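Heads up: the protein sequence lines correspond to chains A and B, in order. Position 350 (the first sequence) corresponds to 350 in our numbering; numbering is contiguous. Position 126 (the second sequence) corresponds to 126 in our numbering; numbering is contiguous.
Note that these hints are calculated values from the structure, not bench results. Please read these numbers as outputs of a predicted model, since none were measured by experiment. Where a beta carbon is used, it is the ideal one built from N, C-alpha and C, also for glycine. Hints are supplied without guarantee of correctness; some may be wrong.
Pairwise CB distance ranges, derived in the manner of DEER restraints [as the list claims (entries may be wrong)]:
| no. | chain 1 | residue 1 | chain 2 | residue 2 | range |
| --- | --- | --- | --- | --- | --- |
| 1 | B | Glu48 | A | Leu44 | 53 to 63 Å |
| 2 | A | Arg312 | B | Lys77 | 31 to 41 Å |
| 3 | A | Glu49 | B | Lys73 | 18 to 28 Å |
| 4 | A | Lys377 | B | Asp47 | 51 to 61 Å |
| 5 | B | Asp47 | A | Arg344 | 25 to 35 Å |
| 6 | A | Met230 | B | Arg337 | 30 to 40 Å |
| 7 | A | Pro361 | B | Glu256 | 51 to 61 Å |
| 8 | A | Phe376 | B | Glu59 | 21 to 31 Å |
| 9 | B | Asp310 | A | Gly186 | 54 to 64 Å |
| 10 | B | Asp47 | A | Lys349 | 19 to 29 Å |
| 11 | B | Lys73 | A | Met230 | 42 to 52 Å |
| 12 | A | Ser52 | B | Val151 | 32 to 42 Å |
| 13 | A | Ala239 | B | Asp47 | 25 to 35 Å |
| 14 | B | Ala338 | A | Val362 | 44 to 54 Å |
Covered by chain B, per the in silico footprint, the following chain A stretches (three or more residues, Cβ under 8 Å) [claimed, not checked]:
| no. | segment |
| --- | --- |
| 15 | 181–188 |
| 16 | 333–339 |
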Amino acid sequence: MLSCAARLVRAQIQSKPTACWVVAARGYADIVDEATFTTSEYALHKLDEGPSQTVTVTRDDALKYYRQMQTIRRMETAAGNLYKSKVIRGFCHLYSGQEACAVGMEAALTPNDHVITAYRAHGWTYTRGVPPVNILAELTGRKSGVAKGKGGSMHMYGHNFYGGNGIVGAQVPLGAGIALALKYKGSNDVCVALYGDGAANQGQVFETYNIAKLWDLPCIFVCENNGYGMGTAVERASASTEYYTRGDYVPGLRADGMDVLAVREATRFAAEWCRSGKGPMILEVATYRYSGHSMSDPGTSYRPREEIQEMRKTRDPITGLRERLISVNLATAEEMKQIDLDVRAEIDKAVEQAKADPELPVEEMYNDIFVDEPPFKVRGTNPFMYGMSK
Amino acid sequence: MAALQTLARRCSTSILKRHFSVSSPVAAQMTVRDALNTAMNEEMKRDESVFLLGEEVAEYDGAYKVSRGLWRKYGDKRVMDTPITEMGFAGIAVGSAMAGLKPICEFMTFNFSMQAIDQVINSAAKTYYMSAGKQTVPIVFRGPNGAAAGVAAQHSQCFAAWYGHCPGLKVVSPYSSEDAKGLLKSAIRDPNPVVCMENELMYGTAFEMSDEAMSEEFLVPIGKAKIEREGTHCTLVSHSKSVGLCLEAAQILEKENIFCEVINLRTIRPMDEETLINSVKKTNHLVTVEGGWPQFGVGAEIVAKVMESDAFDYLDAPVYRVTGADIPMPYAATLERATLPGTQDVVLTVKKSLHIQ
């Protein structure tokens with residue numbers, strides 16, 4: 001009774017990632033500095049070889065990834081609660097379950113690389129460097145929000161991070177445009193343009209593949225395939241659900257999006273490809289969202305509850321990493337518990353501030369229409385009301 | 001001899017053609033096409049981050065030859081031919097602007113911009129606001145707008161009202177060569193998204209250019225209208241090719257001792273209300289003239305603005321609009337002619353406004 005999408009995620013995981021080697025062990029009960037794991041296989045399209053299934057992670061990095069994923073999870077949970085208590089309004093698309101994608105990719109990129117994504121953007125806004133308090137305050141519409149409350153959930157921007165885009169698929173050509181600018185300037189950096197399984201059928205995505213391949217743009221097209229485009233399972237929307245092949249002449253690969261180390265390795269591979277001037281690559285990450293499409297979708301009318309529970313129990317990215325770390329003594333259960341508590345405290349504090357901070361004064365609504373413009377009159381809601389745009 | 005002359009012409013790298021007019025020894029003439037070409041050339045020379053992309057802009061020299069010579073001069077990096085994928089390449093252009101370049105995105109005609117309009121409005125126009133000033137989009141969208149000759153309904157729409165509707169966008173509509181050069185240069189230098197609507201039928205029309213207009217630093221400010229001809233009895237306000245229509249009508253009316261003031265809007269958004277209102281206060285009569293459809297058009301907006309301003313008390317007649325007929329553009333020549341406003345429409349409407357005949 002599980003949907004094909006969940007089956008796909010599970011099918012890709014031929015074997016549960018196992019620990020196979022412990023490096024630099026000092027003693028049986030001692031914490032180690034580094035460990036190596038095996039990921040599941042990557043599916044390849046027009047590639048002779050793919051990323052390595054053998055992945056090594058240092059203790060510091062592993063704990064960093066754990067903390068980042070946990071922060072996203074707690075932040076999204078808090079956002080969900082704020083939405084239910086009507087402090088957040090409008091759209092709110094939660095990333096819970098998909099944390100390994102943002103954290104894993106960010107682990108293989110640098111802050112000099114560029115990222116653009118669609119509306120399920122809170123996790124990415126955080127990994128790109130915006131503190132959770134400014135994300136939550138944007139969601140609650142306060143002036144301490146990353147866009148002063150003027151953008152909301154889908155329009156948060158940061159350093160080399162272009163949102164947060166509300167129109168499905170529009171961010172993909174934008175991402176290739178950013179890559180064009182990087183190439184134009186002679187930079188070695190890449191742009192990562194993310195989209196979902198729903199957006200993958202958009203015409204403009206194919207137009208973008210065409211130009212990116214023609215012009216050898218350093219763009220990694222990432223399809224975050226979570227099995228559902230809103231309420232429509234992938235098989236009902238796509239004649240081909242092999243999203244990593246949809247670029248045809250663009251080489252592609254698919255990785256397990258619930259394994260942060262697999263995502264990191266795949267991204268490393270793709271980034272190296274793009275940086276070497278070989279043109280674009282498609283990276284499909286098979287992932288899953290626990291929540292509905294947005295807060296107005298319970299997420300249970302089109303998929304069985306058992307499927308969601310099964311994913312949480314067996315494929316959760318945070319639990320998966322925790323189990324790995326503990327199993328090879330990269331970290332102890334206690335210190336990970338401490339991270340959990342620290343993150344919870346940080347997010348709780350951020351929530352309080354997001355609830356308490358004021359909104360922008362109304363006069364400021366007229367600002368930010370044009371840049372570098374002397375102040376000008378802007379019409380209000382009646383012929384006798386004008387604001388000044390500064 | 002003739003062959004040598006032709007050879008000399010072909011070898012010339014100059015884009016300018018200078019003719020000495022009878023009236024002034026230093027006045028130059030330039031077609032609108034050459035003015036646009038010069039604007040792009042000067043701005044690309046001045047700023048490395050300015051580049052041009054669109055269909056046929058490079059190796060074909062531009063569908064209407066507006067970008068002639070630019071690819072030969074600047075190469076593949078700065079002048080890019082795109083596939084016929086408006087939504088894709090407009091989005092790519094916008095993305096490149098977000099990342100710090102200054103793209104000029106050409107639509108072969110603005111009719112095709114409809115395929116990309118989401119990128120113009122949602123990705124370009126609104127982003128500075130949505131990001132509360134964090135993310136700029138210094139892009140120019142340009143191309144021919146409105147009716148051409150015999151190209152029928154899908155290729156003849158005027159988009160001034162559609163783009164003029166949206167906050168966050170600047171929209172300019174040049175008439176003369178001076179307008180074209182100065183406005184396009186201003187648009188390219190403007191760090192905001194600008195839509196520059198040209199007119200195919202005007203590309204070949206030559207206008208006198210002052211010495212100032214010929215200089216590399218010549219800019220026409222966005223948001224300021226130009227009074228092309230002063231008058232006292234009635235104000236005619238227009239944009240693009242229709243400005244020429246108004247000037248013709250004004251000449252006809254002058255013979256009957258009716259003196260019209262002709263205003264060339266130059267910019268649709270932000271519109272120069274002050275010039276309009278001052279003129280209406282002077283003449284007490286206003287007729288708007290445009291090629292686009294009447295409903296929700298540029299003229300309709302002008303009427304609303306005047307109604308709500310203190311110029312209303314100065315009106316001696318309702319504000320009238322002369323527009324394209326409210327139909328999709330027919331192909332047959334007679335029908336097409338009847339669909340677009342002519343001087344007789346303007347003359348008749350001015351006289352109605354003045355309660356003459």
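Against the structure, the hints come out as follows:
no.: 1; hint: Glu48/B / Leu44/A: 53 to 63 Å; verdict: violated (39 Å)
no.: 2; hint: Arg312/A / Lys77/B: 31 to 41 Å; verdict: violated (50 Å)
no.: 3; hint: Glu49/A / Lys73/B: 18 to 28 Å; verdict: violated (43 Å)
no.: 4; hint: Lys377/A / Asp47/B: 51 to 61 Å; verdict: violated (31 Å)
no.: 5; hint: Asp47/B / Arg344/A: 25 to 35 Å; verdict: violated (50 Å)
no.: 6; hint: Met230/A / Arg337/B: 30 to 40 Å; verdict: violated (50 Å)
no.: 7; hint: Pro361/A / Glu256/B: 51 to 61 Å; verdict: holds (57 Å)
no.: 8; hint: Phe376/A / Glu59/B: 21 to 31 Å; verdict: violated (42 Å)
no.: 9; hint: Asp310/B / Gly186/A: 54 to 64 Å; verdict: holds (56 Å)
no.: 10; hint: Asp47/B / Lys349/A: 19 to 29 Å; verdict: violated (46 Å)
no.: 11; hint: Lys73/B / Met230/A: 42 to 52 Å; verdict: holds (49 Å)
no.: 12; hint: Ser52/A / Val151/B: 32 to 42 Å; verdict: violated (58 Å)
no.: 13; hint: Ala239/A / Asp47/B: 25 to 35 Å; verdict: violated (45 Å)
no.: 14; hint: Ala338/B / Val362/A: 44 to 54 Å; verdict: holds (50 Å)
no.: 15; hint: 181–188; verdict: holds (count 4)
no.: 16; hint: 333–339; verdict: violated (count 0)
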